[in-house]
Amino acid sequence: MMRRLATLLYRRPNLYLAMLLIPPLIWFGAIYLGSLLALLWQGFYTFDDFTMAVTPELTLANFAALLQPSNFDIILRTLGMAVAVSIASAVLAFPIAYYMARYTRGSTKAFFYIAVMMPMWASYIVKAYAWTLLLAKGGVAQWFVQQLNLEPLLQWLLGIPGVGGSTLSTSHLGRFMVFVYIWLPFMILPIQAALERLPPSLLHASADLGARPRQTFVQVILPLAVPGIAAGSIFTFSLTLGDFIVPQLVGPPGYFIGSMVYAQQGAIGNMPMAAAFTLVPIMLIAVYLTLVKRLGAFDAL
Amino acid sequence: MLGPSGSGKTTCLRLIAGFEQPSHGSIRIHGVEAAGLPPYQRDVNTVFQDYALFPHMNVRDNVAYGLKVKGVAKAQRHARAEEALGMVALAGYGERKPVQLSGGQRQRVALARALVNRPRVLLLDEPLGALDLKLREQMQGELKKLQRQLGITFIFVTHDQTEALSMSDRVAVFNRGRIEQVDTPRNLYMQPATPFVAEFVGTSNVLRGELAQHLVASPQPFSIRPEHIRLSASAIPGDVLQLSGVLHDIQYQGSTTRYELQLDNGQLLAVSQANSQWHADAAPWQPGQRLHAHWPREAMTALRETVLDEGR
Chain A
1 MMRRLATLLY
11 RRPNLYLAML
21 LIPPLIWFGA
31 IYLGSLLALL
41 WQGFYTFDDF
51 TMAVTPELTL
61 ANFAALLQPS
71 NFDIILRTLG
81 MAVAVSIASA
91 VLAFPIAYYM
101 ARYTRGSTKA
111 FFYIAVMMPM
121 WASYIVKAYA
131 WTLLLAKGGV
141 AQWFVQQLNL
151 EPLLQWLLGI
161 PGVGGSTLST
171 SHLGRFMVFV
181 YIWLPFMILP
191 IQAALERLPP
201 SLLHASADLG
211 ARPRQTFVQV
221 ILPLAVPGIA
231 AGSIFTFSLT
241 LGDFIVPQLV
251 GPPGYFIGSM
261 VYAQQGAIGN
271 MPMAAAFTLV
281 PIMLIAVYLT
291 LVKRLGAFDA
301 L
Chain B
1 MLGPSGSGKT
11 TCLRLIAGFE
21 QPSHGSIRIH
31 GVEAAGLPPY
41 QRDVNTVFQD
51 YALFPHMNVR
61 DNVAYGLKVK
71 GVAKAQRHAR
81 AEEALGMVAL
91 AGYGERKPVQ
101 LSGGQRQRVA
111 LARALVNRPR
121 VLLLDEPLGA
131 LDLKLREQMQ
141 GELKKLQRQL
151 GITFIFVTHD
161 QTEALSMSDR
171 VAVFNRGRIE
181 QVDTPRNLYM
191 QPATPFVAEF
201 VGTSNVLRGE
211 LAQHLVASPQ
221 PFSIRPEHIR
231 LSASAIPGDV
241 LQLSGVLHDI
251 QYQGSTTRYE
261 LQLDNGQLLA
271 VSQANSQWHA
281 DAAPWQPGQR
291 LHAHWPREAM
301 TALRETVLDE
311 GR
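Residue numbers (the working numbering), protein chains in the order written: chain A, 1 to 301; chain B, 1 to 312.
Note that these hints are calculated values from the structure, not bench results.
One or more hints might be untrue.
Claimed, not checked - Mimicking SDA-like on lysine to any residue, the simulated pairs with C-alpha atoms at most 25 Å apart in a straight line are:
1. A:LYS293 with B:GLY94
2. A:LYS293 with B:SER168
3. B:LYS97 with A:HIS204
4. B:LYS70 with A:PRO213
5. B:LYS134 with B:SER168
6. B:LYS70 with B:ARG96
7. B:LYS97 with A:GLN265
8. B:LYS97 with A:PHE44
9. B:LYS97 with A:VAL226
10. A:LYS293 with B:MET57
11. B:LYS97 with A:PRO223
12. B:LYS70 with B:SER23
13. A:LYS293 with B:LEU101
As the list claims (entries may be wrong) - Reference excerpt, derived from the structure (chain B facing chain A, CB under 10 Å, subset only):
14. ARG14
15. ALA17
16. GLY18
17. PRO39
18. GLN41
19. ARG42
20. GLN49
21. LEU67
22. LYS68
23. ALA110
24. ARG113
25. ASN117
26. GLY202
Every residue gets a Cβ at the ideal spot worked out from N, C-alpha and C, and that includes glycine.
Work out the full structure: start from the sequences and follow the hints.
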């Protein structure tokens, strides 16, 4: 019986492929995409401010409301943070990834993999809470700054509008630091993978043709690492856009897109507005991916 | 530079290119000391075994890369890149990406990319290894022509002795990290210096010890090429060098037939005879038959045994 089935599948490779693919396709199509579409559909429903009731009357009012100054501020604040976090992560991740890919092997490489991924083993909420304590007034971060006599520098940083706040843990700067800390592994690993695939002979060829190390970096290493940086930035960018925990725990008051969705559907019960807000990161990421593709980041894949 | 894999020829090439630094000794390129200089300060260019073309650049930018990093103006470097592409019969391919080219074409781009810088020495690391036989033979001819035309020194690494013999003016035979002999292809083949060279370059019979003593009254080993040996059913009278043995195997190889004669001490003697007669009968001898092998004294080359000073 099993043998006959095996023979049948051997003769009909398409049937075999279909059997393999149908379960994940059902999961992805029906449960994943289906629920997402159902959610977005609710963005067209009407929410009555007085009765707090949702009625299935279709309207564009929710999407129009996104453009109101208060809501639009939330979008800009989130977008700015996502861009800043992605850039800072790329700058910090590159040297580590380069070192991992080119200078480590065997057990040293394993050590670096573990070191990069270990922070991801701990619960993300615990880490965010820990940071609120580290950054709080009288916390470890402040103590360090004091020991290094950099108090005036910190005060100056905290005084810059749009960056600072009263203390590190209630400043944009503190929130930015926590985001970079939490998402950095997602940037290191793709860059490391891209650099790992770079054949050493290309670097030799570049030097052989007369390029100094700096020229080799700009002309050969960086362009070939771009797909990795793009992949990593897709993680850091989209994860920051959708996050709703860090903005509540660290940084000044004010919603992020994620915390706004959370508030709308939880505390307020305005599911249509929450659904409308959900559309924003999806659109932003779609725009971002188009831009990255235009820049040719995926050509080398 | 000819030698089996692991004999040190590629390492030697990398030392000349500057990818590796010697622990001691010196490297002089046209008389100028180069040891300690990084690759980008040496007037040599390399054609890599895997071509090492930059995948994110088109063919023209690949070829013009050396000029670009030296600050040559765009118009001029494009003109020179186009000229170099013409030299390797790839004019008009400038806009393509390396992935759109066949192996042979990539090979030519790698060559153009190295030559466009007009280096004083061109290093080629088994550049034809990845090509199929027909293409390889064609490229061998083209490389030779190009070298004559440009007058640059080409240093060519290969493990293929036919390739080394047909392409080189001088061949260095590498074995276990040292050079056994540097000579013209003809001398290498006709007068190998050591048993290793005799056996690595072409096929050879190396006779040593008692056999050598018996034949030429000398303890030195000597080599005799299979094609210089004649076979006959009975012993030849007079002062000729001959050995007798039992015919062990016959291999028909088209233009030649190869016989293996098992000598009385057990050693196999390879004998090769040209099938130059179009009406020649099938092998005139049968395996198991006792035959006499003989050859003229001049066909023999005395060898010196290689002494390896491994302790260094």
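Under the criterion that the straight-line Cα-Cα distance not exceed 25 Å, is the pair LYS97 (chain B), PRO223 (chain A) satisfied?
The given pair, whose Cα atoms are some 15 Å apart, holds under the 25 Å limit.
Holds or violated: LYS293 (chain A) with GLY94 (chain B), Cα cutoff 25 Å?
holds, 24 Å
Compare the distance between the alpha carbons of LYS97 (chain B) and VAL226 (chain A) with 25 Å, and conclude whether the hinted pair is satisfied.
Cα-Cα ~18 Å, so holds.
Answer holds if the nearest beta-carbon of chain A is closer than 10 Å to that of ARG14 (chain B); otherwise answer violated.
holds, 8 Å
Holds or violated: the hint that GLN49 (chain B) contacts chain A, with Cβ atoms closer than 10 Å.
holds, 8 Å
For the restraint on ASN117 (chain B), tell me whether the closest CB of chain A is nearer than 10 Å.
holds, 7 Å
Taken at face value, is the distance from the CA of LEU101 (chain B) to the CA of LYS293 (chain A) at most 25 Å?
holds, 24 Å
Given the hinted pair LYS97 (chain B) and GLN265 (chain A), is their Cα-Cα distance within 25 Å?
Outside the cut-off at roughly 51 Å; violated.
Using the nearest Cβ pair, does LEU67 (chain B) come within less than 10 Å of chain A?
holds, 9 Å
Hint check: is the beta carbon of GLY18 (chain B) less than 10 Å from a beta carbon of chain A?
holds, 8 Å
Does the structure keep LYS97 (chain B) and PHE44 (chain A) at a Cα separation of 25 Å or less?
violated, 48 Å
Classify the hint on ARG42 (chain B) as holds or violated, based on whether any CB of chain A lies nearer than 10 Å to its CB.
holds, 8 Å
Going down the numbered hints, you'll see the structure goes against 2, 7, 8, 12 and 26, while the others check out.
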